[in-house]
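S.K.: Spelled out, the chains give:
There are 6 protein chains.
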Amino acid sequence: MKIRVIIPNSSEPFRAGQEEDRKKAASAGVEVEVVCLQEGPESIESALDEALAGPHIIGEVVRAAQEGCDAVSLDCAMDTVVRAAREAVDIPVVSAGEASHLLALGLARRFSIVTVMDSTAEAIRENLAKTGLDRRAASVRAAHVPVLELADQERAFTAILAQARLALEEDGAQAIVLGCTGMSQVAARLQKELGVPVIDPAEASIQLAEVYVRMGLSGSRAAYGPGSGADGNRPSGGH
Amino acid sequence: MKIRVIIPNSSEPFRAGQEEDRKKAASAGVEVEVVCLQEGPESIESALDEALAGPHIIGEVVRAAQEGCDAVSLDCAMDTVVRAAREAVDIPVVSAGEASHLLALGLARRFSIVTVMDSTAEAIRENLAKTGLDRRAASVRAAHVPVLELADQERAFTAILAQARLALEEDGAQAIVLGCTGMSQVAARLQKELGVPVIDPAEASIQLAEVYVRMGLSGSRAAYGPGSGADGNRPSGGH
Amino acid sequence: MKIRVIIPNSSEPFRAGQEEDRKKAASAGVEVEVVCLQEGPESIESALDEALAGPHIIGEVVRAAQEGCDAVSLDCAMDTVVRAAREAVDIPVVSAGEASHLLALGLARRFSIVTVMDSTAEAIRENLAKTGLDRRAASVRAAHVPVLELADQERAFTAILAQARLALEEDGAQAIVLGCTGMSQVAARLQKELGVPVIDPAEASIQLAEVYVRMGLSGSRAAYGPGSGADGNRPSGGH
Amino acid sequence: MKIRVIIPNSSEPFRAGQEEDRKKAASAGVEVEVVCLQEGPESIESALDEALAGPHIIGEVVRAAQEGCDAVSLDCAMDTVVRAAREAVDIPVVSAGEASHLLALGLARRFSIVTVMDSTAEAIRENLAKTGLDRRAASVRAAHVPVLELADQERAFTAILAQARLALEEDGAQAIVLGCTGMSQVAARLQKELGVPVIDPAEASIQLAEVYVRMGLSGSRAAYGPGSGADGNRPSGGH
Amino acid sequence: MKIRVIIPNSSEPFRAGQEEDRKKAASAGVEVEVVCLQEGPESIESALDEALAGPHIIGEVVRAAQEGCDAVSLDCAMDTVVRAAREAVDIPVVSAGEASHLLALGLARRFSIVTVMDSTAEAIRENLAKTGLDRRAASVRAAHVPVLELADQERAFTAILAQARLALEEDGAQAIVLGCTGMSQVAARLQKELGVPVIDPAEASIQLAEVYVRMGLSGSRAAYGPGSGADGNRPSGGH
Amino acid sequence: MKIRVIIPNSSEPFRAGQEEDRKKAASAGVEVEVVCLQEGPESIESALDEALAGPHIIGEVVRAAQEGCDAVSLDCAMDTVVRAAREAVDIPVVSAGEASHLLALGLARRFSIVTVMDSTAEAIRENLAKTGLDRRAASVRAAHVPVLELADQERAFTAILAQARLALEEDGAQAIVLGCTGMSQVAARLQKELGVPVIDPAEASIQLAEVYVRMGLSGSRAAYGPGSGADGNRPSGGH
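Residue numbers (my numbering), protein chains in the order written: chain A, 1 to 239; chain B, 1 to 239; chain C, 1 to 239; chain D, 1 to 239; chain E, 1 to 239; chain F, 1 to 239.
Bound-form chain A, shown alone (with noise of 0.2 Å):
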């Protein structure tokens, strides 16, 4: 089985600083490949950045869909352009937003999620909302940290820490969903340090799409257009 993970930015350190965590994440003999846009914004903090974004990521899903991969996973938790990316090729596409928000769901009854910037957490939002999932969202706090810098990860560390215990504490969670997946690597440290459930989306979206890809399922065409991935029509994205 081989997952291509995309990384919506154009960010190459970025990239190359995750693509080890990436591979740990997938069971064994999974093959993951972790790729990142040629163009387009260096971060995904807001809707600006999603819609400009866009048409690079379609380009990257299509382009894995053709190179034979069998399950894409879109390594963002804001779950940018995941319709549009499930319209356009055959083969499962799961994004780590909604995937952290599925696992969150068999654990807790109620989750908070911890993301980088107001503006992510507000676009995460207005998520819940369309997915429905809001009703088991205890809330989505910011970390103030922005995706490039979660690097120093002492730093990041910390400040997701204050807002997961504020979201245990006042909020009513009872697990946390990270809300970037830039934070992977501080994931196993904050659930020993809650003693809460920490879901990593990075992580839950590749374990996910195996699932997907093992049980023969994909995105349903009655729910994603009506075309099918073989059709002449689809656009091959961005380029």
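Incorrect hints may appear among the rest.
Put simply, identical chains are the same to the list, so a pair is met inside one copy or across any two.
Listed below are the simulated BS3-like cross-link pairs for lysine-lysine, each with C-alpha atoms no more than 30 Å apart in a straight line [as the list claims (entries may be wrong)]:
| # | residue 1 | residue 2 |
| --- | --- | --- |
| 1 | Lys24 | Lys2 |
| 2 | Lys23 | Lys2 |
| 3 | Lys23 | Lys192 |
| 4 | Lys24 | Lys192 |
Don't read these hints as lab results, they were simulated from the structure.
These numbers come from a predicted model, not from an experiment.
Chains B, C, D, E and F: place on chain A using the hints.
M.R.: What follows is chains B, C, D, E and F alone, placed relative to chain A:
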């Protein structure tokens, strides 16, 4: 007052066919300019189309603000990249789908939307969940006429009328919202035939844009991004 | 176009104090008449006030239609007897509370309402549940200034500002809707101070009434009663 | 214990026709008085009727409290002015529609309401949204028999039975709530015929009023107005 | 009329301590029998307790029906196995938690529940989601007094009062529902102290059971199982 | 990794018939043991069955943890006593119904469940309300084939197919979730026939259990009881 209507596709014939109607949709003394995209999909009928059109739309929105327009009307019932557009500029950004839903709320308890295709219907259903207005929507139905074939007004009228009747008789709708700005020309005739309010999203959007300009209101920065339009870091769109 | 603004209380001094603002709230060329009730409560601050004012309001609404007005603006943020008023006449009936909520939906994801008293706050909460817009409301707060004391604009401004700040900082609001039409005079100043959209319900109601008249739209008979305004069985109100 | 049943219309023949049933609906030892309005609409079949009847209903509610009744049953499935009535007096005010919905919640997961007219159905739908009980309602259906023609019990029975069957077979209802207090006489027969619980709102309201009196419970002042019934500013109703 | 109150734990001292209160909770002429379980947990404070008590509760419910009781009151605010109990017998099965919530709906717009432990609070939250009444619940709070220590009434009163005040002042509650039937003895005193309705679930359950018996209503077979109580396949409970 | 699949009925032939499929449902290298109950109902088709099976299920869950299993899969689409099971042990407890719903969320906007009987359909509807996922469920339909007759695969296939088609064509479903773990054998064939994703709950549950084990995640103690599995007060189940 000057309002820039941005048709988010690259079909100049479609734009030309709508221009007169858009100008008539505005109040006396309001200047309306109707543009479409230089590049991008020829029509917006899926999330994929939306993703590919995104940067081009943002580019036009930014240009409108730079050229001194008082408001932008995104002329699409699918409300494509409306969050991103509001992040990008300080002037009011009104979107045809959302505007038509808001007006419907003041006319009936339950409204139905009749749109062009199953794929647009599905995207509109997701938008209604996102905005929380699904509680007031009786149904979203597709007339199965592609955007660029709406120019055949008799065919369009007949197909929309049939779905609108089903919405009223079977789904409990009390008002009809047209789910494509290309349907403007048949709105009045449909209202006469059906005996319930029929809302043209293109007209709704221009009228609501005027209201926001007159009242000195624009998208909240607390909702749409922490930065401001004067911020030098704002991207100039997809160019 | 002629719009009749009906202030649903019997306080002539209150009416006189609002008249100029209402006329300024309309677009150029729109004639605005501002009336209040001949009988009934001196202010509307509870459901009890609403029940007692009901027939007198209906009487004025019917009179407006009979005297050739193009639309009615019910000038009360509690949306008193709005369903009944729409049943009573064929012209558009816009209500200040509802109108301000609709406009807020296009400006922010979550808005808060700052009203006069706990009793009006509670009635507005019930209205939001009824219209399904509670999903978008962050809170409803009371400034604890009775309607007829809003004339002391400094006191009103200070009290409303304090509650609006709490709404923004603690409740997650991104825009403020004023919860009493007697608060019109402080709206612009509040918006300047707070840096988020502040919506005056009286102005919103007149502007929305204009929109419906221009678009040829009025309350759906399928939603508001089976009869029509021309029906001889229509009551003539509370006289 | 003395309960005043207030029929919110001015039809003395209707009142007389219901009186015996109301007295039988109460438990042994409970005194029931059945009054109707001196003035106002002959039946309550629309929001307009409700608005016009409002002050007269409040007048009767206040009189009941002044004359030492232990509770009031508002004998109308449309729950007319129930908030105002609770603000007006300190004794429990139970309303037939709401009471019947509450009892249904303990008997089935989904109930349907069969009422008289489309206009009452629509008002009841709005009430269910307001109380949040729409999640448990399968449908609201109209038998298309006006209130004052329910006296023809055979016609009423046949029409209600037909709609109740549709509710059970097509809408997923598991219990039937009658949507007009004038339907009391056919409730038992319908239950026998349908094999599911059928709830008479008039009886439900009296029974629930008894419960509140026995338990020493009445409407919360925190919910229904800041003042108290002893307050000299309380209006004496519509006189 | 004979009502069997089933306390779903195996603590005879607890049962004995409640018996008198339950008999007083019924109307004149209603016979009340109070039983507890022969086996099973000593108190119900978690879902685990509920699962272990389940068959024993069902056994008692079936025995009550066989011995000619007119109704059963499940004396637990956690509404343990209420669906199963309704499937098992034809007589009305009322459950204390649900009954208290239903009565609260008629007294206030928002109620809070003060229960014994965090684990019962969490189970009650889940029940409110299940019944859809969470829209009307302001909060569920735990007094942190185990069921069997409620016998220390001063301690119980003080702890419950503190949480109830927080519910009223911080959560927006307008009425208090006690979240354990072992709290019956402090209900009246709390209501006097707090000035808002305080509902004793044990009393609510008996009173509601009486109502259903008087009205000839019982759980819908369409909602609670396809079989009937006369069906030979009905299990005889946990024996 | 060792996963214990607990079939919550006492039918050894049913268990034997499923064992092979469950082992095949796991990933390479994962050990799967399939047990059923020693005592209790022969199948779980009602809430009554669930209540009676409860203590026996808990007993098996506790035994699995004691015997060193890494996770438990509760092999029932009705999600019987899942909260209690999570309270009882520290290892992940995955339940087949919930697991299948979570996977469906990532494949389609609206899914329908096709289960065995009306009584299981009703219990599943209640579960969906409890988890808040009813917003994403198009319908729950019964194939009217009892659990133990599913062994007749042709009959099962035909009956399920018919209901699935109705779900897709009339209810708006875009994916099908099988509502009984005894339906595993027909899942693949149904998916081929229907052209939309068909989810086998038994497989979904095992796959999700693997994910949680690999990710080091288990039920939150903040959600599922204050105690821990090491706590001496933990019951040893129904023995």
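S.K.: With reference to the structure, classify each hint as holding or not holding.
M.R.: Against the structure, the hints come out as follows:
Taking the shortest Cα distances, Lys24 and Lys2 sit within 30 Å of each other both inside one copy (14 Å) and across copies (21 Å). Taking the closest pair of Cα atoms, Lys23 and Lys2 come within 30 Å of each other both inside a single copy (11 Å) and across two copies (23 Å). For the identical chains of this complex, Lys23 and Lys192 are intra-copy neighbours only, at 22 Å inside a copy versus 33 Å across copies, given an alpha-carbon limit of 30 Å. Taking identical chains as interchangeable, the C-alpha atoms of Lys24 and Lys192 lie at most 30 Å apart only when both belong to the same chain, with a minimum of 19 Å there against 34 Å between chains.
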